[in-house]
Amino acid sequence: MSIEIRHLTHIYDVGTLGETKALDKIDLTIKKGNVFGLVGGIGSGKSTLASLIAGLEKPTGGRITIDGEPPCPGKNVGILFQQPEDFFFEKTLFRDMASGLLHSGLTEDEVDERIHSTLDLIGLGRQILDQSPFHLNRGTLRLAAFASVLAMRPGVLILDEPTASLDPKSRKRMLEVIEHISGDITIIYISHRLQEVVAVSEHLAVLDGGKVTFKGTVPGYLDWAAGQDGGEYLPVLSQVMYRLYGLGFDVDPDVTCLDDAVEQIRQSLEKT
Amino acid sequence: MIGIYGHGRSYIHLLDPRTKLALMVGVSLLIYSVRPLGLGVLLGLVLLLSRTCGLPYTRLVQGLRPVLVFFGVIFLTHVLFTPGAPLFEGLPVPTLEGVVTGSVLILRFILLILYTSIMTYTTSPSGLNYALMFFLRPLGTFGTDLAFMTGTAMTLIPGLFREKDIITKAQAARGYKPRGLKGFTALVVPLLHRSFRRVDELSDALESRCFHSDRRYYYYRKTLAKRDCAGVGGYFVLAVVILFFL
Ligand SMILES: Nc1ncnc2c1ncn2[C@@H]1O[C@H](COP(=O)(O)OP(=O)(O)OP(=O)(O)O)[C@@H](O)[C@H]1O
Ligand SMILES: [Mg+2]
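In order, the protein sequence lines correspond to chains A and B. Take the first sequence: its letter number 197 is residue 196 in numbering that gives the first Met the number 0, and every next letter is one higher. Take the second sequence: its letter number 109 is residue 108 in numbering that gives the first Met the number 0, and every next letter is one higher.
Honestly, the hints are just simulated from the structure, not real lab data. These numbers were taken from a predicted model, which means no experiment stands behind them. Just so you know, not all the hints are guaranteed correct.
Counterexamples of contact, computed for chain B against chain A with all Cβ distances above 10 Å [unchecked claim]: (1) His6; (2) Asp15; (3) Thr18; (4) Pro85; (5) Met148; (6) Ala169; (7) Ser207; (8) Ala224.
Capping the alpha-carbon separation at 20 Å, the derived lysine-lysine pairs in PhoX-like fashion look like this [said to hold, decoys possible]: (9) Lys214/A <-> Lys57/A; (10) Lys57/A <-> Lys163/B; (11) Lys24/A <-> Lys57/A; (12) Lys24/A <-> Lys163/B; (13) Lys225/B <-> Lys74/A; (14) Lys57/A <-> Lys168/B; (15) Lys90/A <-> Lys176/B; (16) Lys20/A <-> Lys210/A; (17) Lys214/A <-> Lys30/A; (18) Lys20/A <-> Lys176/B; (19) Lys210/A <-> Lys31/A; (20) Lys90/A <-> Lys225/B; (21) Lys163/B <-> Lys181/B; (22) Lys168/B <-> Lys74/A; (23) Lys181/B <-> Lys57/A.
Cβ atoms here follow ideal geometry from the backbone N, Cα and C, with glycine treated the same way.
Start from the sequences, fold in the hints, and give me the full structure.
Structure follows, in structure tokens:
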């Protein structure tokens, strides 16, 4: 499903002394079946944008449509919260995962099937289903929350820092799963890990103080980031490639995957 | 809403927390003792105060929402059980007296909540805690413990609202809008669970800052300013006017 965001503004605590403008006239179009990366500093408004697209809050100005319809949480859009512990409200993980599915009108057999196949996809053991979400550690909780939203098969899936507090192995698995499900599902990928964002997404937007400071494709983003002062927005791999390119190596600085980068450096060394 | 503090530099914000707490007690006494006309004056005053300290009326009114049912019950009991002149011919209840006493009582409750909202909105939790401690000092260690517990409980109230918000959002994210009794348990069970954990974390945090019940330092030291005297003076003028002239 494609998402249209027009003149979106969001202000928290309007009319009070604590009034905060979290988003300021945002315009974005997110194409169907794409992975759309969203990056930006702390407090730049990423999570606010996420919760507006997820339909959990009403924007104070502008509008969001998903295939022409307003966002309807649990129906056309799903979200993985930045704090996974905020996501659970039932006593066991099974009941938690089932609650949303039963409400969407599936039979109990279908619910079982959905839950088991989703856990298998993510690589979580079934013994986890009987545990209380309040007692799991954060990484497992995040995977479980991911399983919970994914099981609902939403048309749009928002992932707010999905790989934070995961170990390297589960992080790799998470990225593979995202790769696997994109195409059917439009994914919004929010992260501070730039390397992951450029590897997994096709398009990107950068938020700064509630405004969009860049939007475009990944190569376009790398060029933009390389031109910024300090170059903090450049993933480490790209920083290395840009340096090598600057030193006269015959490499493409816009490569985003480690294997490709190694291959290019090898070829370039062979040529000299 | 009670328990939500908003930064600011208004006259009421700048009053010493001790003055505000004392005035709050004074105003509560007034609320319970004045005649209906005096209640009208107090209502006007609270609206004026909320304007001066920058608390929007919508937020002020929101604070009443949680106790609406309670008000309804009190009002109904008065309307149904106060003897007097019937409002409708042929029916023993409701009576005119019942409606009047019920409304006045509820107005008193409403005023109490509104004034408390103003106080908590303009006084930081630590300031309030200090004021409580100051007044409970004559009670010794028990007093400081009591002040500490009340202060901590006050700071946890906004947290409770935030937790409720998070849980409803988590449920909404799964397209789940629980209603009625089922909705109540669906909210309360995780709310209790999360709150207990929050309290647990808070006690760990206190311990990690070397907080012991036998040694306590407060960094809050202030002498009373002219505006505090003005505030107290204003209160006495108000009290005399509405107690004796209205
Ligand atoms: N519930 C809220 N009430 C009031 N202000 C809020 C609320 N949530 C966020 N804000 C404010 O809105 C701004 C944007 O916050 P947001 O959480 O969207 O940033 P973010 O980009 O997700 O940051 P991070 O990288 O830390 O997750 C911040 O200034 C924040 O303080
Ligand atoms: Mg965030």
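Hints, one by one, checked against the model:
1. His6: The claim is violated: His6/B sits with its nearest Cβ about 6 Å from chain A, within 10 Å.
2. Asp15: holds, 20 Å
3. Thr18: holds, 21 Å
4. Pro85: holds, 45 Å
5. Met148: holds, 25 Å
6. Ala169: It is violated; Ala169/B is separated from chain A by about 5 Å at its closest Cβ, not greater than 10 Å.
7. Ser207: Given a closest Cβ separation of 19 Å, the condition holds.
8. Ala224: holds, 22 Å
9. Lys214/A <-> Lys57/A: It is violated: about 24 Å lies between the C-alpha atoms, which goes past 20 Å.
10. Lys57/A <-> Lys163/B: With a Cα-Cα distance of about 18 Å, the restraint between Lys57/A and Lys163/B holds, given a limit of 20 Å.
11. Lys24/A <-> Lys57/A: Judged against 20 Å, a Cα distance of about 15 Å means the pair holds.
12. Lys24/A <-> Lys163/B: At roughly 29 Å apart (the allowed maximum being 20 Å), Lys163/B and Lys24/A break the hint.
13. Lys225/B <-> Lys74/A: violated, 60 Å
14. Lys57/A <-> Lys168/B: holds, 12 Å
15. Lys90/A <-> Lys176/B: Holds - the C-alpha atoms of Lys176/B and Lys90/A are around 18 Å apart, at most 20 Å.
16. Lys20/A <-> Lys210/A: Holds, at about 10 Å.
17. Lys214/A <-> Lys30/A: Since the Cα atoms of Lys214/A and Lys30/A sit roughly 13 Å apart, the hinted pair holds (cutoff 20 Å).
18. Lys20/A <-> Lys176/B: violated, 28 Å
19. Lys210/A <-> Lys31/A: violated, 23 Å
20. Lys90/A <-> Lys225/B: Not satisfied, since the Cα-Cα distance of roughly 56 Å exceeds 20 Å.
21. Lys163/B <-> Lys181/B: Holds, at roughly 15 Å.
22. Lys168/B <-> Lys74/A: Measuring from Cα to Cα gives roughly 14 Å; hence the hint holds.
23. Lys181/B <-> Lys57/A: violated, 26 Å
Of the numbered hints stated above, those contradicted by the structure are hints 1, 6, 9, 12, 13, 18, 19, 20, 23, listed in ascending order.
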